[in-house]
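Colleague: So the protein sequences, as listed, match chains A and B. Note that this note's numbering gives residue 57 to position 57 of the first sequence, counting from 1, and the numbers run on in steps of one. Note that this note's numbering gives residue 50 to position 50 of the second sequence, counting from 1, and the numbers run on in steps of one.
If you are wondering where the hints come from, they were derived from the structure by calculation, not from laboratory data. Cβ atoms here follow ideal geometry from the backbone N, Cα and C, with glycine treated the same way. Hints are not guaranteed to be accurate.
As the list claims (entries may be wrong) - Derived pair list, reagent style DSS-like, types lysine-lysine, alpha-carbon separation capped at 27 Å: (1) A:Lys7 x B:Lys130; (2) A:Lys227 x B:Lys53; (3) B:Lys80 x A:Lys227.
Stated by the list, open to error - If you want the footprint, here are the derived chain B segments under chain A, 3+ residues with CB under 8 Å: (4) 61 to 75; (5) 84 to 93; (6) 97 to 107.
Said to hold, decoys possible - Pairwise CB distance ranges, derived in the manner of DEER restraints: (7) B:Pro70 x A:Ile6: 23 to 33 Å; (8) B:Ser110 x A:Ala197: 46 to 56 Å; (9) B:Gly128 x A:Ser212: 27 to 37 Å; (10) B:Lys53 x A:Leu302: 18 to 28 Å; (11) A:Tyr211 x B:Val16: 27 to 37 Å; (12) A:Ser212 x B:Val16: 29 to 39 Å; (13) A:Ala197 x B:Glu123: 51 to 61 Å; (14) B:His36 x A:Ala197: 48 to 58 Å; (15) B:Ser71 x A:Ile201: 25 to 35 Å; (16) A:Leu247 x B:Gln178: 46 to 56 Å.
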Amino acid sequence: MSWTNIKRVFKAGFLDFWRNGFVSFTSVLMMIFTLFVIGLAIFSGVILNTTLQEFREKADMNVYFTTDAPEENILALGESLRALPEVATVEYISREEALAQFRERHQNDQLTLQALDELGDNPLGAVLNVRAHELTQYDTIAGFLKSEEALGEGNPQIIEKINYYDEQHRAAVDRLASITDSAKWIGLIVICIFIAATVAISFNTLRLAIYSSRDEIHVMRLVGAGKGYIRAPFVVEGILYGLIAGLITLILFYPITWWMGSATERFFGGINVFSYYLSHFPFFFLVIVGSGVLLGAVASFLAVRRYLQI
Amino acid sequence: MIYFDRVSKVYADNSVALDDVSFSVEPGEFISVVGHSGAGKTTLVKMLLAEEKPSSGSVFFESVNVHQVPSRRMGDLRRKIGTVFQDFRLLPGRTAYENIAFAMEAAGRSDEEIQSDVPHVLELVDLGDKLNNFPDELSGGEQQRVAIARAIVTQPDVIIADEPTGNLDPVNTFEVVQILKKINDLGTTIILTTHNKGVIDSLKKRVITMDRGKVVRDDREGKYIL
Numbered sequence: 001m002s003w004t005n006i007k008r009v010f011k012a013g014f015l016d017f018w019r020n021g022f023v024s025f026t027s028v029l030m031m032i033f034t035l036f037v038i039g040l041a042i043f044s045g046v047i048l049n050t051t052l053q054e055f056r057e058k059a060d061m062n063v064y065f066t067t068d069a070p071e072e073n074i075l076a077l078g079e080s081l082r083a084l085p086e087v088a089t090v091e092y093i094s095r096e097e098a099l100a101q102f103r104e105r106h107q108n109d110q111l112t113l114q115a116l117d118e119l120g121d122n123p124l125g126a127v128l129n130v131r132a133h134e135l136t137q138y139d140t141i142a143g144f145l146k147s148e149e150a151l152g153e154g155n156p157q158i159i160e161k162i163n164y165y166d167e168q169h170r171a172a173v174d175r176l177a178s179i180t181d182s183a184k185w186i187g188l189i190v191i192c193i194f195i196a197a198t199v200a201i202s203f204n205t206l207r208l209a210i211y212s213s214r215d216e217i218h219v220m221r222l223v224g225a226g227k228g229y230i231r232a233p234f235v236v237e238g239i240l241y242g243l244i245a246g247l248i249t250l251i252l253f254y255p256i257t258w259w260m261g262s263a264t265e266r267f268f269g270g271i272n273v274f275s276y277y278l279s280h281f282p283f284f285f286l287v288i289v290g291s292g293v294l295l296g297a298v299a300s301f302l303a304v305r306r307y308l309q310i
Numbered sequence: 001m002i003y004f005d006r007v008s009k010v011y012a013d014n015s016v017a018l019d020d021v022s023f024s025v026e027p028g029e030f031i032s033v034v035g036h037s038g039a040g041k042t043t044l045v046k047m048l049l050a051e052e053k054p055s056s057g058s059v060f061f062e063s064v065n066v067h068q069v070p071s072r073r074m075g076d077l078r079r080k081i082g083t084v085f086q087d088f089r090l091l092p093g094r095t096a097y098e099n100i101a102f103a104m105e106a107a108g109r110s111d112e113e114i115q116s117d118v119p120h121v122l123e124l125v126d127l128g129d130k131l132n133n134f135p136d137e138l139s140g141g142e143q144q145r146v147a148i149a150r151a152i153v154t155q156p157d158v159i160i161a162d163e164p165t166g167n168l169d170p171v172n173t174f175e176v177v178q179i180l181k182k183i184n185d186l187g188t189t190i191i192l193t194t195h196n197k198g199v200i201d202s203l204k205k206r207v208i209t210m211d212r213g214k215v216v217r218d219d220r221e222g223k224y225i226l
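With the rest of the complex left out, here is chain A (with noise of 0.2 Å):
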């Protein structure tokens, strides 16, 4: 195509979009419910994989130790658990460090601090926090943590307890486990489902206003004008519909992200959508933008086609 036909393509799908007012009020506004709905999509995903990300990693293994177990034993035990293929992390936390987090968590409680510092001696045990890359894993590691006392047979005991163990601990694990994963599932086939019905309506927005343009169209078709170019400016129109809306959406998104965003972090914890979207904006004006665009142009251009057909 030639400069002066882009030019004229161009300056065709503004004033089409200008003078059908009504039709281009109507199709934007359909598109800005398509990608407020895409936008919504990828905030739900984002805080349901913040929150499960969050609870996983605070569903670790305290294993704690007696006050008498010799350090270099526990450290051992800790590498031995480091080798294993199912443990992400194992934190060392020694009997002076837990005890200086516990006055630390207690700081504005005289009492207790009053009480600690009568005993005189540090009553607290060295722990290994230990993390697993999956919820379910926990189950084999513990059951490792057995065998190992198993094999320390005959030494005296050094773990203490291991907070595992405790049943109702490892019912709610399991229980939000196949929750979150179900909820993920759900989640997801909802949006799916949302995303393709208000692709579609935005779909049908577009060939409707072009239906109401295929005696023109047929017109155009008479007076010898190729398909490319009847074609163009209604593409044209389409990526402006997409365009606009999508920075129509953009802007939407501040102030209701802006006003959630602190009950956001408090509902769900670590993550504040306002921040969110301000730090990943380039991602959101891509993702919003491009949808909003090849939408219109996709849209416009399978719509044209069938009137084309003379």
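Since the structure of chain A is already known, use the hints to place chain B on it.
Modeller: Leaving out everything else, chain B in the frame of chain A:
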């Protein structure tokens, strides 16, 4: 120049629109095709523009079978034929100027040519002051004159006018016919379909009479006889 070779058109419901129609048109001729509604006049025009395919027979334009022209070359063929319709068929979202400019743009004319030719051709049809009016701001007669201006601006070899006066009052009808005569005097072939007896009788040109899809008369200096 144009040759209809035993063209028939039968629609899916078995109604016969054209029945073994054959005739030829020489360059520079002014032909009127007359007949009652449903006689097959409009189908004839659609055949030449390749808007519809014949059930049998062929239509030739400058020795090219128009129904064998590939879709992407159809524009080249149609730009050689200017068309004027009973219902004007202007682009409603564009001004008179833009409607005519569109035909020139489709023909690949430069911006300079468009800027100089469009006002000129609008002057020719006496609408020099209506450049920026949209079709719904023009009367029927004015819209038809814009349509004629659009048809002639690319200087096609043939102009097909399908019932161009069907929606016009006698004064506008007279004006439109005068414009078509003037264009024919300048050498352009004209094919006019109409059932307006007054128009045919005043023209004193070749008349093809159709009835129920058949050509029943073809007179050199014909009159409206049905």
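Colleague: Of the hints stated earlier, which fail here?
Modeller: none
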